[in-house]
Amino acid sequence: MTTTMLAETPATYSPPKQFRLSGLGLLRSEWTKFWSLRSSWIVMVCAAAFGAGIGIALAFDYAADADTGGEAAEAQMGLSALDVMFGFGMSAVFIAVLGVLFISGEYTTGSIRSTMSAAPKRTGVLWAKTAVFGTIVLAVYAALLLATFFVTQLIMADTPAGGVGLGDTGVFRVLSGYVVTTVYLGLLGLALGAILRNSAGSISFYIGAIMVLPMLMVQLPWQWVRDIAPYTPGNVPNTLTMPDTAGAQLSLGQSWAWMGVWMVVSFGLAAVLLKRRDV
Amino acid sequence: MGRVPCGRSVGGMIEIEHLTKRYGKKTAVDDLSFTVKPGVVTGFLGPNGAGKSTTMRAIVGLDAPTAGTVRVNGRRYNQFRSPMTEVGALLEAKSVHAGRSAYKHLLALAHTHSIPKRRVREVIDTVGLSDVAGKRVGGFSLGMGQRLGIAVALLGDPAVLILDEPVNGLDPDGVRWIRQLLKSLAAEGRTVFLSSHLMSELSQTADHLVVIGQGKLLADTTVDDFVNGRSGEKVKVVSPDAAALAERLQGPGIAISSPKTGVLEIQGTEAAVVGTTAAAHGLVLHELSIQRASLEDVFMELTADVVEYQQTRKEGVAA
Ligand SMILES: Nc1ncnc2c1ncn2[C@@H]1O[C@H](COP(=O)(O)OP(=O)(O)O)[C@@H](O)[C@H]1O
Ligand SMILES: [Mg+2]
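As you go down the protein sequences, you meet chains A and B in turn. Here the first sequence stands for residues 1 to 279, where the numbers follow our numbering. Here the second sequence stands for residues 1001 to 1319, where the numbers follow our numbering.
Only chain A is shown next, with the shape it has when bound in the complex (with noise of 0.2 angstroms):
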């Protein structure tokens, strides 16, 4: 019996053995979706360019003043050779939306379909996502935030704020702040973009929520509104910038334990979903 129904089947057909699923592959898939799109290299360049770029154009600013030693350099003596890097903190917002469009750029193009095809536990896509992206705004803030510094310590060499090096107090914190900060807006973005999936929903949520309402809340008349404000997803990151943490309504510690918390509630919230919602 089983003879015959061998000699009846036709062709059996086995599948390749060595195409294998693995994290790796994930993190390499990510990778070159990323750099693959035009749009990442220009956003990039933007929030760089931002961020450097007025830097670039403070220091000399300030280097003008201190030479003709007018009123405005007297005014400026407060100004510390960090307070040049402030362009990077806007910057920010580049980086957020960058993070919001690399997934939910799958959304609506609908490549989602052959993403969670390939990866149908779905979410460690998230995951090689996250690193990924979170890896690049790593290492390209880093590089960039240095290379700013040096070039803006050059240009003020010859004034008060000249003279700083890495390893004086607080300079490497500050730096590395802005570094971190940016890191986690742009990750805070990209856990946005997987709940609600649409760029432009994403986006404005960001920019609504994110950012101009805790600038709304200090504003308000109710006292709790105001003591909350500080907490908020895109407050929590303030600390780490100040070259005086003295007045600060977060120390760094708690300004730190607030990004872990809100990490984890937009991260558990955009995998369960994940999980949860078909594709």
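The set of hints was computed from the structure by calculation and includes no laboratory data. Among the hints, a few may not be true.
Using C-beta positions, here's what the derived DEER-type ranges look like [said to hold, decoys possible]:
1. B/ARG1176 x A/TRP41: 38 to 44 angstroms
2. A/ARG276 x B/GLY1139: 33 to 39 angstroms
3. B/ASP1031 x A/VAL272: 28 to 34 angstroms
A few chain A residues that don't get close to chain B, going by computed Cβ distances all over 12 angstroms [to be verified]:
4. PRO15
5. PHE50
6. LEU138
7. PRO160
8. GLY162
9. GLY163
10. PHE205
11. ALA209
Note that beta-carbon positions come from the ideal geometry of N, C-alpha and C, so glycine has one too.
Chain B with the ligands: place on chain A using the hints.
Chain B with the ligands in isolation, oriented as in the chain A frame:
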């Protein structure tokens, strides 16, 4: 948990059992059960909105069933160690980021399973996109998007191929090409499952048919049986004595119609019986032939009650 070497499931078989999928109040698939076997091309036929795409998304685990199970090779899709070698799917044309090149899109997917660049080049050649592989997908036509989708499905050299309306947007050359391709893939022992809302697209490609309407199974049969077993054959007679012949042929289970004078179409009997009857009564015949209902006719008849969007159906037929 281990694989059963001699289990019920043949390698590459798709087994759908009591699959139900609801989106809110809308029931897209309603207690659907069927299996798709390897070695043949199985067509998945149904009017627009019948639930074909939903069923296919459920097979690759993108949409979770509201009830019932879907198994490939005896397992749930998300249990596969290397899903791309088990099932390759084309679910929607051009579901690729417009800013990415075809090559990079395929490469990114290939990386997940450590599939080498050589294989990426190979599938690009197979689907005929070599000249445009480096171009941004945004500029692709629908047909090129379909070809890219087919390349994605083939990338892992999978045992099962699931293609949702793969013929849409392809030019006649492309249609011929994909028919050949699917037949040869099935001949290698793979499972090939493709959907269409047009019978004519499947009649020349598929060996087996699964027909659904409003999420329910209407037929699960071979293409030949589908045509013969449904409205069956008609015997056509052209005769100057048509009226007399009709009288002699009448009987239980026999339906005779006369589309015009001198012509009869008889259902429920055979040509031999008609010829013998005519000879026995000395009636002249000018033509005696067997009329097979076209597949499209049979499909229309079958789905007439369950067509959700009359308008869509008419457009579909006209196309
Ligand atoms: N994600 C969804 N949300 C709501 N309704 C859906 C969704 N997907 C499909 N449907 C509905 O389910 C039915 C079946 O759709 P579909 O599977 O796309 O049919 P087909 O592919 O046969 O044309 C349709 O009425 C469709 O509107
Ligand atoms: Mg469909």
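Okay, the hints, checked on the actual structure:
no., hint, in the structure
1, B/ARG1176 x A/TRP41: 38 to 44 angstroms, "41 angstroms, holds"
2, A/ARG276 x B/GLY1139: 33 to 39 angstroms, "37 angstroms, holds"
3, B/ASP1031 x A/VAL272: 28 to 34 angstroms, "29 angstroms, holds"
4, PRO15, "4 angstroms, violated"
5, PHE50, "22 angstroms, holds"
6, LEU138, "22 angstroms, holds"
7, PRO160, "48 angstroms, holds"
8, GLY162, "44 angstroms, holds"
9, GLY163, "46 angstroms, holds"
10, PHE205, "22 angstroms, holds"
11, ALA209, "27 angstroms, holds"
Taken one by one, the earlier hints fail for this structure only at number 4.
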